[in-house]
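Novice: If you're matching them up, the sequences are chains G and V in order.
Residues in the first sequence are numbered from 1 upward in steps of one, following the working numbering.
Residues in the second sequence are numbered from 1 upward in steps of one, following the working numbering.
What the hints contain is simulated information worked out from the structure, not anything from laboratory work.
In this text the structure is predicted, and so the values were computed from the model without any measurement.
Treat the hints with caution; some may be incorrect.
To be verified - A short list of chain V residues far from chain G (calculated; beta carbon distances all over 12 Å): (1) Val38; (2) Ile42; (3) Phe53; (4) Trp84; (5) Val118.
Said to hold, decoys possible - Computed spacing ranges between beta-carbons, pair by pair: (6) Ala166/G to Ala120/V: 30 to 38 Å; (7) His195/G to Arg30/V: 22 to 30 Å; (8) Asp202/G to Val47/V: 14 to 22 Å.
Beta carbons are placed, not taken as given, at the ideal position from N, Cα and C, and that holds for glycine.
In case you want the letters, here they are:
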Amino acid sequence: MTKRRSLLLMTTLLFGVAVAAFVLVRVSHDAGAVELPPVAHDMTAAFAAPVVPDAQLPKAVADAEEYLTRPGRALSNQTRRIGRALGKNSVDIYVFPTTQGKVCSVVTEAAAMGGCVPSFHLVKGEVASGVYSGETAPQTVTGLVSNRVAAISVRVGDRLEPVTVARNTFFWQAPTSDVTRGDIKGLVVRWHDGHRFDVNLDFGDA
Amino acid sequence: MSTRRTARILLVTCVLFFAIPPMLAFGWTRLRYSQGTVYPGIPPRVVAWTSGFASRQYNAAYRSPDICERWRVRYYDTPTHITWQQDRDCSPTSIGLTTGPRQAYCEQVYTGTAPLTVYAYNCDTTLP
């Protein structure tokens, strides 16, 4: 082996070792102590759930981590599954923090429903809610709640439907597609300290 | 093995190292079908559609700074039939992958409760 060839091979080897070291350092940094945004600290139960490694995320969630977080990105290996096998389609709810200081959630319907919350102080009752429906899903009310929230009921027409609040999320789905968006009137939110809030979800939809 | 051949292999390896990841990424092109500034309380509110139907990776409404005013996003498979709809507090509000050609739609929902803050918005979707 000539001296020049040995030098070339040595350079290649060193380059390979450097790349591997960079990747390992990056992975261990990501998996180690990560500073979660303040809004994540308002969701203690959600972020106490076990981490789902990025490599094991469903495609819809991995895709959402790309497009929901722009111009930032999702914090690596910090995604939690906080709802499992919910509703007609047995959907899951995942949450992840972003470099922009938000917490985003994804509901794994056929067309994944996504959204983020930057701070619970911006939303009434500290409930960031969403209403969705589609080809394979009846009217559904879901969202993220802060640690202060103890109970939620969905106002459907003139009825109040209690919903379970667990791991800082809630999920209510109409039993049939006979319920329309216009039937979803709002939420009644009760905090642990007894405060009560009426959240309007009736925006004049047919 | 000659030095020249080793150098050639090295060159090919380097090219593949940098070329393969972009090639593996799926080629969705972002389409910004509406953008502007919202002045709370001043009509008209934002209502926008894409001009055509196409498969889409997502349809999302973004606001900056985010004041958690409600926005709605939809997919249509005909000019009058909604296939999926979501309205949600805070930014962004999005729907994911479609299962066929869809028209994307975004709308600022007037709740009457938003703080008096001017903000910019974008409605983004994708083209295959």
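Novice: Compare the structure with the hints numbered earlier in the document and write down the numbers of the violated ones, lowest to highest.
Specialist: When the structure is compared with the hints, numbers 4 and 7 turn out to be violated.
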